[in-house]
Amino acid sequence: MGRPVLRTEEFVETSVSARFTVDPRNGVPLYLQLIEQIKRAVALGTLASGEQLPTVKALAVDLTINPNTVARAYRELERDRVIETSPGRGSFVRAGGAAAEAQQAGVDVAAGVLSEAVRESRALGIDASGQRVLFERALARWFPSEERDST
Amino acid sequence: MNAIAIDHLTKIYGSQRSVDDLSLTVGEGSVCGLLGPNGAGKSTTFKCLLALARPTSGTVEVAGAPVTPATFQYLGYVPETSALYEKFTVADHLEATRRAYEMFDPARAAELAATFKLDSKKRVGKLSKGQRTALAIVLAFSIRPRIFVLDEPASGLDPMFQRAVLDLIIDAAAGGASILFSSHQIGQVERAADSIAVLKGGKLVLRGDIDTLKGDEKVVEAIFPGDAPSPNGLAQDPRVRRIERNGRILRVHVTGDADGVVRTIDALSPRTIDVLDLSLEDIFLGAVNDGVA
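The listed protein sequences derive, respectively, from chains X and U. The numbering of the first sequence is numbering that gives the first Met the number 0, which starts it at 0 and goes up by one. The numbering of the second sequence is numbering that gives the first Met the number 0, which starts it at 0 and goes up by one.
It should be emphasised that the hints constitute simulated quantities derived from the structure, not laboratory data. Hints may be right or wrong, so weigh each one.
[Unchecked claim] Just a few of them, taken from the derived set where beta-carbon distance is under 7 Å, the chain U residues facing chain X: (1) Ile169; (2) Ala172; (3) Asp276.
[To be verified] Derived lysine to any residue pairs resembling SDA-like cross-links, with alpha carbons at most 25 Å apart: (4) U:Lys116 - X:Thr63; (5) U:Lys116 - X:Gly105; (6) X:Lys56 - U:Gly174; (7) X:Lys56 - U:Arg162; (8) X:Lys56 - U:Met102.
Note that beta-carbon positions come from the ideal geometry of N, C-alpha and C, so glycine has one too.
Sequences and hints are given; from them, build the entire structure.
Next comes the structure, spelled out in structure tokens:
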């Protein structure tokens, strides 16, 4: 048996909605799951600035979720200035606004991860000064060439 | 205007309070999933909505008016025990529906009959329970109603057809229809509905927007080095719904902001503390089991 050969016809264009999935069993509300995925797609550039999003109806049918749930996600994304909707034309990824939003999303994720790490370390009995030493060590590992103030 | 308005509905069968002072509205364009254990009063509620049972007290309204024969021109329904004629074939039912409903769409009916693989020459008497449900669905969706009242629309169907029903509900909702449906499958409700109503013993025990309920309901779970202590004052906190202690594990169910509860428990020096999101299933079970010792 030879290795499977990728034929060109297998590279099909995926629709925008095919890039999103929601998991109803997850405790996170579906509209928040959708917001998170669209923001992430914008941050990673898989949804380009100016790109058109599916209509509420189309995305609801594609994801098999309630259209009001999709509409709620779009409303919040509009309020957060990630997308803009022009009546009669549809919803589009905002130019420019997306970059600031993406940066903020990155900061939020990082803050959450760090907070978790501190909580876990504390549960293991490591006090604040001990954790500071560990944090410095981690910084030195990932930013080896940077000069830092020694305390 | 509400698509469906149930106001202080009570239905008593003999000595049984099947529905007990139920008030519930479904707004225009919204989809409400009706959940509850067997015997909770779901089917009785549907019967009252479809004028198949007379309320003992209270009222039901569809599209702002009491239910009359004219209501059924724009109301699609799937009853639990299908109102189908044993000796009629599938084709006979489609024909009878075409004559009775102004909005009947024959192309749509043919497409749906094919989707559910219904043999048009078969008599209803020869159909399985699942096929009867499928026929009821085909008829309900062929008249392009604005409002749907669906009692267990996927019961007895195989998974592929259950999915088709789910798609139909979502498609109708995307077209602006208002829908009240019951299901035993929470996954279906969670996808198709924007709100849920939970019945227990004929009473409404939980009602709300699904995303809001999921966003609000949390469990703070802490694991202690020894036996979990009983936290002082938490039981009086209005946000705390339930406290469970099981060996070293303390679980506190919170509605709304959990930060205060986290701080209180954290002061007791647990080994770990986590805030867990609840799935709709957890929330449903919580509502049904609340008050059970």
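A quick look at each hint next to the structure:
For Ile169 of chain U, the suggested interface contact is upheld, since its CB lies about 6 Å from the closest CB of chain X, less than 7 Å. Checking Ala172 of chain U against chain X: minimum C-beta separation of about 5 Å stays under 7 Å; hint holds. The beta carbon of Asp276 of chain U comes within 3 Å of a beta carbon in chain X, closer than 7 Å, and the hint placing it at the interface holds. Our distance criterion of 25 Å between C-alpha atoms is met by Lys116 of chain U and Thr63 of chain X, whose separation comes to about 22 Å.
Proposed proximity of Lys116 of chain U and Gly105 of chain X is contradicted: the alpha carbons are some 50 Å apart, above 25 Å. Taken as a hint, the Lys56 of chain X and Gly174 of chain U pair is honoured in the structure, with Cα atoms around 8 Å apart against an allowance of 25 Å. A distance of roughly 18 Å separates the Cα atoms of Lys56 of chain X and Arg162 of chain U; the hinted pair therefore holds under the 25 Å criterion. For a cut-off of 25 Å, the pair hint linking Lys56 of chain X to Met102 of chain U stands: about 22 Å separates their Cα positions.
Of the numbered hints listed earlier, the single one contradicted by the structure is hint 5.
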